[in-house]
Amino acid sequence: MATIKVLGYPLSTATRLVLCCLEEKQVDYELVVVDAAAGAHKQPQYLALNPFGLVPTIQDGDLTLFESRAIVKYLAKKYKGQGTELFGNSLSEEALVEQWCEVEGQSYNSPALTILSQILFVPKKGGTTDEALVEMNVEKLVKVLDIYEERLSKSKYLAGDFFSLADLQHLPTTHYLVTDCGKGDLISSRKHVKAWWEDISCRPAWKKVSEKGP
Amino acid sequence: MATIKVLGYSGSITTRTVLCCLKEKRVDYELVVVDPAAGDHLQPRYLALNPFGLVPTIQDGDLTLFESRGILKYLAKKYKGQGTELYGNSLSEEALVEQWCEVEGQSYNSPALTILSQIVFVPKKGGTTDEAVVELNVEKVGKLLDIYEERLSKSKYLAGDFFSLADLQHLATTHYLVTICGKGDLISSRKHVKAWWKDISSRPTWKKVTEKAP
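Protein chains in written order, with full-length UniProt numbering: chain G, 1 to 214; chain W, 1 to 214.
Read the hints as simulated data drawn from the structure, not as lab findings.
Nothing here was measured: the structure is a model prediction, and the numbers come from that model.
Check before you lean on any hint, since a few could be wrong.
[What the hints assert, rightly or not] Computed spacing ranges between beta-carbons, pair by pair:
id	chain 1	residue 1	chain 2	residue 2	range
1	W	139	G	10	29 to 37 Å
2	W	189	G	39	43 to 51 Å
3	W	11	G	51	48 to 56 Å
4	W	43	G	38	46 to 54 Å
5	G	37	W	211	45 to 53 Å
6	W	11	G	139	25 to 33 Å
7	W	136	G	44	22 to 30 Å
8	W	211	G	156	43 to 51 Å
9	G	142	W	208	37 to 45 Å
[Unchecked claim] Where chain W lies over chain G, by a calculated footprint (3+ residues, C-beta under 8 Å):
id	stretch
10	56 to 66
11	74 to 87
12	93 to 99
13	104 to 110
[Unchecked claim] Below, a list of computed lysine-lysine pairs in the BS3-like style, where the Cα atoms sit at most 27 Å apart:
id	chain 1	residue 1	chain 2	residue 2
14	W	140	G	140
15	W	156	G	140
16	G	77	W	156
17	G	78	W	78
All C-beta atoms in this analysis are idealised placements derived from N, C-alpha and C, irrespective of residue type, glycine included.
Pulled out of the complex, with its shape left as it was, chain G reads as follows (with noise of 0.2 Å):
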């Protein structure tokens, strides 16, 4: 079977979410760097298989695929008894699984990414952190970790007493507003989601994905 290859840069979340997923199930992999600093993800050369010129995108066989949640969910669904199960073991886990990592992309991931684009990016670029904006993203993010506390406690994960895609969603994002933006306190002041958090993090297959820090 031919490798999979994965068009990305190593930093990247969207990027290491798919990286960390193929490793829990245990797939063979070839990064191919795209050099999004060069705009190497602008050229037609990528535009031809991810026209919105985002990255990840992945090559299996014949099949290119693009948006980081449908290639874990794809990932997950092809290698189902290989690795970890990412997508539970019934319909109804399915589901739940589907509905958590639904807010991670609805309602996690934008405050998140903000947060992270103004305290790392707009300086590498030369511009000032615009403070009310993050502070703004904190609130945001307050109140789902809010929810994400009271269901924890009730719920090891996310979807259920299970590691899921849901779980593995929110490793990237997470891992960079603790470790590079300062933004520990909003995990460790939870009881339950700094448990959680704990676990997910220490994963072998995170860990060797997170390994080269920015």
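With chain G fixed as given, assemble chain W onto it according to the hints.
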């Protein structure tokens, strides 16, 4: 089999999306009205089902689910073989459905809702439409639709030559953009997008959902 309960309201984009899916799958359901104007969605009774206080939430026997995009996937899987197939017919087709669902959820939804909010909701609450914000988001939607135009010149629907959840997810927001926001030219100025929109918005299930205008 107990009827599926949908807690939401008939004018809500996300509720309409779920109702349309139920109709496509020919599944009986009961709409239990949760009226945000009356603050129903923030009552303890509702928050106990959906701690995020958003609509819709469904109850299917013991299973309570929220996040419309997650609900759609559950319905498409549970009722595979009944009504319209909404997930394609192979793992690869399913993956492309997931991909274009993510495009809608991650890239299309936010600017479209911002336009709707500025044109319809802000004036309703006594504020003034921010035309610059509208313009900025119309540009964003325009750029996306240019990519859709290219895609739909090669493929009848977004995921392939079959109607799927990916197309269905675009119905409710696009309907409002075209009708009450006066942004129909975004669609009608693009030949293949226009044909696609005409096709999917003419589906009997969608017509039925929009019979009761907000």
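Each hint, compared with the structure:
no.: 1; hint: 139(W) to 10(G): 29 to 37 Å; verdict: holds, 32 Å
no.: 2; hint: 189(W) to 39(G): 43 to 51 Å; verdict: violated, 29 Å
no.: 3; hint: 11(W) to 51(G): 48 to 56 Å; verdict: violated, 33 Å
no.: 4; hint: 43(W) to 38(G): 46 to 54 Å; verdict: holds, 53 Å
no.: 5; hint: 37(G) to 211(W): 45 to 53 Å; verdict: holds, 52 Å
no.: 6; hint: 11(W) to 139(G): 25 to 33 Å; verdict: holds, 28 Å
no.: 7; hint: 136(W) to 44(G): 22 to 30 Å; verdict: holds, 27 Å
no.: 8; hint: 211(W) to 156(G): 43 to 51 Å; verdict: holds, 45 Å
no.: 9; hint: 142(G) to 208(W): 37 to 45 Å; verdict: holds, 41 Å
no.: 10; hint: 56 to 66; verdict: holds (count 4)
no.: 11; hint: 74 to 87; verdict: holds (count 3)
no.: 12; hint: 93 to 99; verdict: holds (count 5)
no.: 13; hint: 104 to 110; verdict: holds (count 4)
no.: 14; hint: 140(W) to 140(G); verdict: holds, 24 Å
no.: 15; hint: 156(W) to 140(G); verdict: violated, 39 Å
no.: 16; hint: 77(G) to 156(W); verdict: holds, 26 Å
no.: 17; hint: 78(G) to 78(W); verdict: holds, 19 Å
Violated hints, listed in ascending order, are 2, 3 and 15; each of the other numbered hints is respected by the structure.
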